[in-house]
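Listed below, chain by chain, are the residues.
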Amino acid sequence: MLSYQFDWSVVTSGKYFEWLVSGIKVTLQLSAVSIVLAFLVGLLIAVMRMSHVKPVRWFAHAYLEFFRNTPLLVQIFFWYFGSYKILPQAVNDWLNATNFEFAAAVIALTIYTSAFIAEDIRSGVLSIPKEQMEAARSAGFSYLRSMQYIILPQAVRITVPPLVNQFLNLAKNSSLAMSIGVMEITYQARQVESYTFKGFEAFTAATLVYLVISVAITALVHLYNTRVLNLQRAA
Amino acid sequence: MRTFVAGVVTAALVAMTGAALAAPPADTLVEVKKKGVLVAGVKDSLPPFGYIDEKSRQIVGYDIDFVNAIAKKLGVKVELKPVTSASRMPQLQEGNIDIIAATMTKNPERAKQIDFSHTYFFTGQKFIVKKGSVKSLKDLDGKKIGTAKGSTSEQNVKKAIPTATVLSFDDYPQAFLALQQGKVAAVTTDEAILAGILAKAPNKAQFEIPSLQISDEPYGLGMRKGDKAFVDFVNKTILEMEKSGEAKKIFDKWFGPSTQFHLDRNFKITADK
Numbered sequence: 001m002l003s004y005q006f007d008w009s010v011v012t013s014g015k016y017f018e019w020l021v022s023g024i025k026v027t028l029q030l031s032a033v034s035i036v037l038a039f040l041v042g043l044l045i046a047v048m049r050m051s052h053v054k055p056v057r058w059f060a061h062a063y064l065e066f067f068r069n070t071p072l073l074v075q076i077f078f079w080y081f082g083s084y085k086i087l088p089q090a091v092n093d094w095l096n097a098t099n100f101e102f103a104a105a106v107i108a109l110t111i112y113t114s115a116f117i118a119e120d121i122r123s124g125v126l127s128i129p130k131e132q133m134e135a136a137r138s139a140g141f142s143y144l145r146s147m148q149y150i151i152l153p154q155a156v157r158i159t160v161p162p163l164v165n166q167f168l169n170l171a172k173n174s175s176l177a178m179s180i181g182v183m184e185i186t187y188q189a190r191q192v193e194s195y196t197f198k199g200f201e202a203f204t205a206a207t208l209v210y211l212v213i214s215v216a217i218t219a220l221v222h223l224y225n226t227r228v229l230n231l232q233r234a235a
Numbered sequence: 236m237r238t239f240v241a242g243v244v245t246a247a248l249v250a251m252t253g254a255a256l257a258a259p260p261a262d263t264l265v266e267v268k269k270k271g272v273l274v275a276g277v278k279d280s281l282p283p284f285g286y287i288d289e290k291s292r293q294i295v296g297y298d299i300d301f302v303n304a305i306a307k308k309l310g311v312k313v314e315l316k317p318v319t320s321a322s323r324m325p326q327l328q329e330g331n332i333d334i335i336a337a338t339m340t341k342n343p344e345r346a347k348q349i350d351f352s353h354t355y356f357f358t359g360q361k362f363i364v365k366k367g368s369v370k371s372l373k374d375l376d377g378k379k380i381g382t383a384k385g386s387t388s389e390q391n392v393k394k395a396i397p398t399a400t401v402l403s404f405d406d407y408p409q410a411f412l413a414l415q416q417g418k419v420a421a422v423t424t425d426e427a428i429l430a431g432i433l434a435k436a437p438n439k440a441q442f443e444i445p446s447l448q449i450s451d452e453p454y455g456l457g458m459r460k461g462d463k464a465f466v467d468f469v470n471k472t473i474l475e476m477e478k479s480g481e482a483k484k485i486f487d488k489w490f491g492p493s494t495q496f497h498l499d500r501n502f503k504i505t506a507d508k
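Protein sequence lines, in the order shown, are assigned to chains A and B. Take the first sequence: its position 122, counted from the start at 1, is 122 in our numbering, and no numbers get skipped. Whatever position you read off the second sequence (first residue = 1), add 235 for our numbering.
Treat the hints with care, since some could be wrong.
To be verified - In silico DSBU-like pairs for lysine-lysine, Cα to Cα no more than 30 angstroms straight-line:
id, chain 1, residue 1, chain 2, residue 2
1, B, 366, B, 488
2, B, 439, B, 471
3, B, 365, A, 85
4, B, 347, B, 394
5, B, 484, A, 85
6, A, 172, B, 268
7, B, 341, B, 483
8, B, 463, B, 312
9, B, 488, B, 341
10, A, 15, B, 471
11, B, 268, B, 370
12, B, 463, A, 15
13, A, 15, B, 365
14, A, 25, B, 471
15, A, 85, B, 488
16, B, 488, A, 15
17, B, 373, A, 15
18, A, 25, B, 503
19, A, 25, B, 378
20, A, 15, B, 393
21, B, 370, B, 341
22, B, 439, B, 460
23, B, 471, B, 312
24, B, 503, B, 435
25, B, 268, B, 460
26, A, 85, B, 503
27, B, 347, B, 373
28, B, 366, A, 85
29, A, 15, B, 307
30, B, 471, B, 503
31, A, 85, B, 307
32, B, 439, B, 268
33, B, 471, B, 435
34, B, 290, B, 460
For the record, the hints were derived by calculation from the structure and aren't laboratory data.
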C-alpha cells in the first residue's frame with residue numbers, strides 16, 4: 001500500500017523554494033520578452049498578409065501556414081538543434097558561448113505565437129469597414145500610413161481580447177522550453193521532484209504559478225473590456 | 236469570478252489527490268502470478284541496457300535479460316514498458332509497472348521511497364568529451380555539462396563541479412547531440428551508458444571518455460516499498476543467476492570482449508549488507 005506523506009515545507013522554504021523562485025523568474029522573463037516580440041512580429045506579418053504586393057503577401061501566407069501548422073515542440077528543437085546545420089561555424093560558436101537555450105526558446109515562442117497573433121490582427125482589420133481605408137487613401141495617406149494612423153489603432157483595440165488569449169497561451173507554452181534545458185518553472189518543479197520525490201507538492205506549486213499568471217492576464221482583459229471598451233460583462 | 240476560480244482549484248486538487256492515492260497491489264508476487272504477466276519499466280533508447288533492436292523491433296538488452304530471467308522463474312510472461320529516468324519511480328508507485336529495470340542507481344534518498352534488489356550492475360560516473368579537451372575536472376569549471384533529467388548523474392556533477400551549469404535534456408542521445416554541436420562541453424553519466432552512446436556515434440573518433448570518475452553507481456532493480464515477498468524473490472533469483480554463471484553470461488553478452496564495449500566485469504552479485 002502506498003502511503004504518501006505530504007510535505008509542503010519542501011516547496012515553501014530552503015533550497016528547493018529558491019529553485020522554484022528562480023524558475024518563476026525565468027518563466028516571467030521568457031514570457032515577457034516573447035510576448036513583446038511576438039506582438040511586433042505578428043503585427044508586421046498581418047500587414048504583409050494584407051499587402052497588395054503579391055510576393056509579400058505570399059511570403060506572409062506561407063509563414064502563417066507553416067508556423068501555425070507545425071507543433072511548437074518541433075519548432076523549439078528545430079531552432080535549438082536544427083539551426084546548427086544551416087549556420088556558419090563561427091555563428092554557432094558564438095551562440096553556444098551565450099545562453100542559446102533561452103534565445104532558441106524565445107525565437108520559437110515568438111515565431112509560433114506571432115503567426116496566431118497575425119491572424120487575430122488581420123480579422124480585426126477586416127472588421128473595420130473598408131470605406132475607412134478608402135477615405136484615408138483619398139485623403140492622401142499612403143497604404144502604410146493609412147494602416148498606421150487609421151486602421152491599426154482601431155483594429156488593435158478590438159483585437160485585444162483574442163490577443164490576450166494568445167499571450168496566455170504563450171505563457172503556458174513556455175513550459176516546453178524545458179525540453180532544451182531552459183530552467184523555467186516546470187523544469188525546476190521536475191528538478192525538485194527528482195531530488196525530493198515530492199512531485200505532488202512541486203507540481204502543485206508550478207500549477208499555482210501558471211494559474212496566477214493566467215488569472216492576472218484574464219483580470220487585465222476584464223479591466224480593459226469594462227474600462228476601455230465600456231463593454232458590459234457577458235453573462 | 237472568485238468563486239469560479241476557487242471551484243476550479245478545489246476540483247483540480249481533489250482530482251490530483253485522488254490520482255496520487257490510488258492503491259497499487261500490496262503483494263506484487265501474488266498479484267503477478269494471478270495476472271500471469273510481469274510488467275517491467277525499462278529504458279528503450281539506451282544500448283546495451285535497454286534499446287530497440289533494429290531487426291526484431293523488440294526492446295532488448297542487459298536489463299531486459301534480467302527481467303526475463305525473473306519472469307521465467309515466476310512462470311509468467313513479460314510486458315516491457317518504456318520509462319524515463321524521471322518517470323520510472325512514479326510509474327512504479329502508481330502500480331503501472333511491477334518492477335524497474337532501467338539503469339537505476341541505488342541511493343539512500345530513493346531507498347526511502349522504494350525498495351532495491353541487490354546490486355545487479357556496477358559502474359561509475361564519468362564524462363564523454365571532445366578528444367583532448369578535458370584533462371582534469373578543472374577543465375570543466377564554468378562550462379555547460381549535459382545530462383538527462385531526473386538522474387543521479389545530475390546531482391553528482393553539481394556536487395563535483397559546483398561552478399558548472401548543468402543542462403538536463405530528456406534523454407542521453409539528445410545530450411550527446413548537444414555535445415556534438417558544441418552546446419555543452421561534456422555529457423556526464425555512468426560509464427557503461429557513455430560507452431553505449433559512444434559506440435553508436437557516427438563520429439566516435441572525435442570523442443573520448445577520460446578516466447575521471449566522480450562517483451560509484453551500483454544499479455538495483457526497483458520495487459514498491461515494503462513489498463517484501465517480491466523483493467526477497469527477486470534477490471534470491473539474481474543470487475542464483477550469479478551462482479549458476481547466468482549473470483556473467485548476460486554481462487559478457489552485452490559488455491564482454493565480443494561486443495564493442497570491452498568492459499571488465501569488476502563486480503559480482505552478492506547480498507547487500
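> Regarding the pair residue 341 (chain B) and residue 483 (chain B), is the alpha-carbon distance no greater than 30 angstroms?
Replying inline: Between residue 341 (chain B) and residue 483 (chain B) the Cα gap is close to 21 angstroms, so the pair holds against 30 angstroms.
> Is residue 488 (chain B) close enough to residue 341 (chain B), meaning Cα to Cα at most 30 angstroms?
Replying inline: Cα-Cα ~24 angstroms, so holds.
>> With the threshold set at 30 angstroms, check whether the alpha-carbon distance from residue 365 (chain B) to residue 85 (chain A) stays at or below it.
In response: 19 angstroms, holds
>> Holds or violated: residue 25 (chain A) and residue 503 (chain B), Cα atoms, limit 30 angstroms.
In response: With a Cα-Cα distance of about 48 angstroms, the restraint between residue 25 (chain A) and residue 503 (chain B) is violated, given a limit of 30 angstroms.
>> Checking one constraint from the list: CA of residue 15 (chain A) to CA of residue 365 (chain B), max 30 angstroms. Satisfied?
In response: Answer violated: residue 15 (chain A) to residue 365 (chain B) is near 33 angstroms, above 30 angstroms.
>> Need the status of pair residue 439 (chain B), residue 471 (chain B): alpha-carbon distance at most 30 angstroms?
In response: Distance ~40 angstroms between residue 439 (chain B) and residue 471 (chain B) Cα, so the pair is violated.
>> Run the distance test for residue 268 (chain B) versus residue 460 (chain B): straight-line Cα separation, threshold 30 angstroms.
In response: It holds: about 19 angstroms lies between the C-alpha atoms, which stays within 30 angstroms.
>> So if I understand the rule, the pair passes when the alpha-carbon distance is 30 angstroms or less; does residue 366 (chain B) with residue 488 (chain B) pass?
In response: 28 angstroms, holds
>> Does residue 435 (chain B) sit within 30 angstroms of residue 503 (chain B), going by the straight-line distance between their CA atoms?
In response: Answer holds: residue 503 (chain B) to residue 435 (chain B) is near 27 angstroms, not above 30 angstroms.
> Taking only the CA atoms, is the gap from residue 85 (chain A) to residue 307 (chain B) under or equal to 30 angstroms?
Replying inline: Status violated; Cα separation ~48 angstroms.
> Between residue 373 (chain B) and residue 15 (chain A), does the CA-CA distance stay at or below 30 angstroms?
Replying inline: Judged against 30 angstroms, a Cα distance of about 26 angstroms means the pair holds.
>> Just to be careful, I want the Cα atoms of residue 268 (chain B) and residue 370 (chain B) compared with a cutoff of 30 angstroms; is the pair within it?
In response: It is violated: about 52 angstroms lies between the C-alpha atoms, which goes past 30 angstroms.
Consistency note: the structure conflicts with the earlier hints numbered 2, 5, 6, 10, 11, 12, 13, 14, 15, 16, 18, 22, 26, 27, 29, 31, 32, 33, 34.
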